[in-house]
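Please build the complete structure, drawing on both the sequences and the hints.
Protein chains in written order, with this note's numbering: chain A, 1 to 268; chain B, 269 to 516; chain C, 517 to 768.
What the hints contain is simulated information worked out from the structure, not anything from laboratory work. Any given hint could turn out to be false.
[As the list claims (entries may be wrong)] Simulated pairs of lysine to any residue, SDA-like, Cα-Cα distance not exceeding 20 Å:
hint, chain 1, residue 1, chain 2, residue 2
1, C, LYS600, C, THR582
2, B, LYS508, B, ASN446
3, C, LYS600, A, SER174
4, B, LYS414, B, LYS426
5, C, LYS606, A, SER174
6, A, LYS95, B, ILE449
7, C, LYS606, C, ASP713
8, C, LYS701, C, VAL743
9, A, LYS95, B, ASN446
10, A, LYS95, B, VAL497
11, C, LYS554, C, VAL743
12, C, LYS637, A, GLN177
13, A, LYS95, B, ALA496
14, C, LYS606, C, ARG620
15, C, LYS600, C, SER585
16, C, LYS600, A, PRO86
17, A, LYS95, B, TRP500
18, C, LYS637, C, ARG605
19, C, LYS653, C, LEU704
20, C, LYS600, A, GLN164
21, A, LYS128, A, PRO118
22, C, LYS606, A, PRO118
Please read all numbers here as calculations on a predicted model, not as lab measurements.
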Amino acid sequence: MTRTMSVTALSRITWRAPALTAVLCLASLTVAAQGTDGTRVSALSTLVVWIPFILKGFLLNLIMSILAMAIATVAGVILGFMQISPSVILRVPAKLFTQLFRNSPWLVILFAIMLLLPFQVTLPGGDKILIPDWVKATVGFALPVMANIAEILRGAVLSIPSGQWESAESLAFSRRQTLRYIILPQCIRRMLPPWMNWYALLMLMTPMAAILGVNEALGNTQAAMEAAGSHPEFLIPFYLFLMTIFFVFIYPISIYTRRLERRFSAGS
Amino acid sequence: MLDLFAPFFQRLYETTGVNFTPFYDPYDWGRLLEGMWVSVKLILAVIAVSMVIGVVGAGAQTSKLRIVRFLVAAYIEIFRNTPPIVQLLFFYFGLGAITPRVDMGGWYEPIIGSFGWAVIALGIFGGSYNVEIFRSGVDAVPETTKEAADALGFSDFKIFAYITLPLAFRFSLPALTNNVISLAKTSSLAYVIAVPEITYTLSNIWSDSVNVPEMMVLLFLYYIVLVAVIAWLMGWLERKLALPGYGQ
Amino acid sequence: MQPASTWTPDQPIVALRDVHKSFGSFEVLKGIDLEVMKGEVICIIGPSGSGKSTLVRTINGLTPVTSGSVTVEGQEVHDAKLDKLALRRKVGIVFQQYNLFPHRTVLDNIMMAPLLVLREKRDDVEERARALLAKVKLIDKEDAYPAELSGGQQQRVAIARSLCMRPDVMLFDEVTAALDPETVKEVLVTIKELASDGMTCVLVTHEMGFAREISDRVYFTDHGRIVESGPPDAIFECPQDPRTREFLSKVL
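Here is the structure:
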């Protein structure tokens, strides 16, 4: 008898679990709230009113995560190539840069970007453009992911057996040709699951922007609770709802990534 | 000890404007040390809690009861697919609001403070990764090795204690190192519930003394050194436990 | 541009003179002298760790030498100013681990280098590639991927891939050592045909019977030196050196 469940079985079961938990919590708290509070404020009904507002904030999380991922991927690939370059002047600074952003907490990097980048930039023509907070936050999120993508690329290239390099060299391929036609095509497959993982992680880190005043989902949730009167019985349902919308978005990505990982490791 | 380098940093500020207040102002110096100490305590506590949860969870995954395996799987999925910052806020504000209060003689203090909730929330978050890591480690122990132990008469428990656990721990070490480092960095999130660890403390200093770049440098330095120390410690552990000839 | 070669076929096509190679403080080749004439088939035999693979890899420049000279058609291999492309055209190598490119079909594997490196015309290359595939008896596998083939089939594709560059010398580095016994024969047959077509071959091998059958000269190496060399019958029937005798008694 196998103790480990198949992926599909697992996903069916665990899909229900958090959904069930959330519904139960909301329901029980609604009942409790009805009993105790004289003004009969219902946490559930209040939440329902504020759902569109919170979802609007979630849209900003999505935008930030997609933009940040795009920036991080481009920058990370460049950084990764620099790290595997035979030239020392490219390699060493790239390594230092990568290590700096991999070993620093996301929050600290976010703070640094938010507080040290100017809030407006003067163009050569004399016009000033305002850099909104969420744009700065996006850059702040892109930096650690960029460093990790560089590492993914480096790891993928290193994982290609040396025999591939040797036979390419023996067939008179130059280093650039070897990378382009032999090594990198084989790397893309290996890089996809970790790349998707980092997107999921990035998305889960975006609520940190609320600390610095960005009006995304978390910020909006807190604002909503305040606007509705800051009753303590709102806290659990509202935060649970926030967790649920992230879960609904991230969980399928997580499952798909795992399936890809399985397929790529089982294949050639 | 501050007198050793205080004059230098004082002069540095006066001549160049580079302002490292914790290195010449005794109050800020105290705050810096306090912040570092709280951060270290927090990280150690979180790691400990997450390890315990990881081991218990990995064990629970092998349970014969379907409901137990279901609950562990649900726990892992929930805490790995929701934002840790929201988890932290949920625990502190949400659950914190319904925990009992203790009569401190005139005012009421919640039984678990911000530090406590940070440890609980981040420990549970870290534990969800550890369960997977330990499970992979246990799975990596070859079936044939366990069969051989069984054939020699080892009981199920003895097989787990003498064969599976030591091997599984060694196999888990690389992934565990990654997770421990990641947890150490994530501990900075305790800032949002005002735990006076280093990020919070330095942010107070920089809003008082308006020396953001200098304090940022200190903050980055702290974490880089911390991560390096942890990585070195884990590397030492890996080397100490390494089996000769294994895993070339 | 390289000066026109002054090499003529009466000179050795491959010559190693007093070649030393150290990896760090460990000396692997301790003064190798070896000559191969055009059209000759040379086998190098010896115990593991005697430096056979390293020796063969110095011929196409994969492993640089610490001292000594390695020439192919009169050109010094380890000259920094050497046109590597020209050298790699002349010397083909087949590895123990075949090292086919897993993300391309069999036909692509064979065609890639002439197309991308030599920039030959696609039609010419395709025709040559198919002819080579037919020669190694794998023409029906041209659209297969390496992972779908057996070890012996992959090795034959590897041979065809190297041949497509039209080398003058072929190096074989223990090409059957990683194969199942059933597939070893098909690879040996391919090499035998190649040799009888007049290709200059240098083989490192453990297949003693095969070495005896096809080689013009056999070299026995031990601890980085060539202990004995001669025609196969001489080496296998009446080895002179005690180390040669000891080795042969263990493997035959």
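Does the alpha-carbon distance linking LYS95 (chain A) and ALA496 (chain B) stay inside the 20 Å limit? holds, 15 Å
Is it true that the CA of LYS606 (chain C) sits at most 20 Å from the CA of ASP713 (chain C)? holds, 17 Å
Regarding the pair LYS95 (chain A) and ASN446 (chain B), is the alpha-carbon distance no greater than 20 Å? Measuring from Cα to Cα gives roughly 18 Å; hence the hint holds.
Are the Cα positions of LYS95 (chain A) and TRP500 (chain B) separated by 20 Å at most? holds, 18 Å
Does LYS606 (chain C) pair with PRO118 (chain A) here, judged by a C-alpha cut-off of 20 Å? violated, 61 Å
Sort out whether SER585 (chain C) lies within 20 Å of LYS600 (chain C), counting only the CA atoms. holds, 16 Å
Agreement of LYS414 (chain B) and LYS426 (chain B) with the hint, judged by alpha carbon distance not exceeding 20 Å: Distance ~10 Å between LYS414 (chain B) and LYS426 (chain B) Cα, so the pair holds.
Decide if the proposed pair is consistent with the structure: LYS637 (chain C) and GLN177 (chain A), CA atoms, cutoff 20 Å inclusive. holds, 18 Å
20 Å limit on alpha-carbon distance, applied to hinted pair LYS606 (chain C) and ARG620 (chain C): violated, 24 Å
Given the proposed pairing of LYS600 (chain C) with PRO86 (chain A), does the C-alpha separation stay at or below 20 Å? Judged against 20 Å, a Cα distance of about 18 Å means the pair holds.
Is it true that the CA of LYS637 (chain C) sits at most 20 Å from the CA of ARG605 (chain C)? At roughly 16 Å apart (the allowed maximum being 20 Å), ARG605 (chain C) and LYS637 (chain C) satisfy the hint.
If you draw a straight line from the CA of LYS128 (chain A) to the CA of PRO118 (chain A), is it 20 Å or shorter? holds, 11 Å
When each numbered hint is compared with the structure, violations occur for hints 8, 11, 14, 22.
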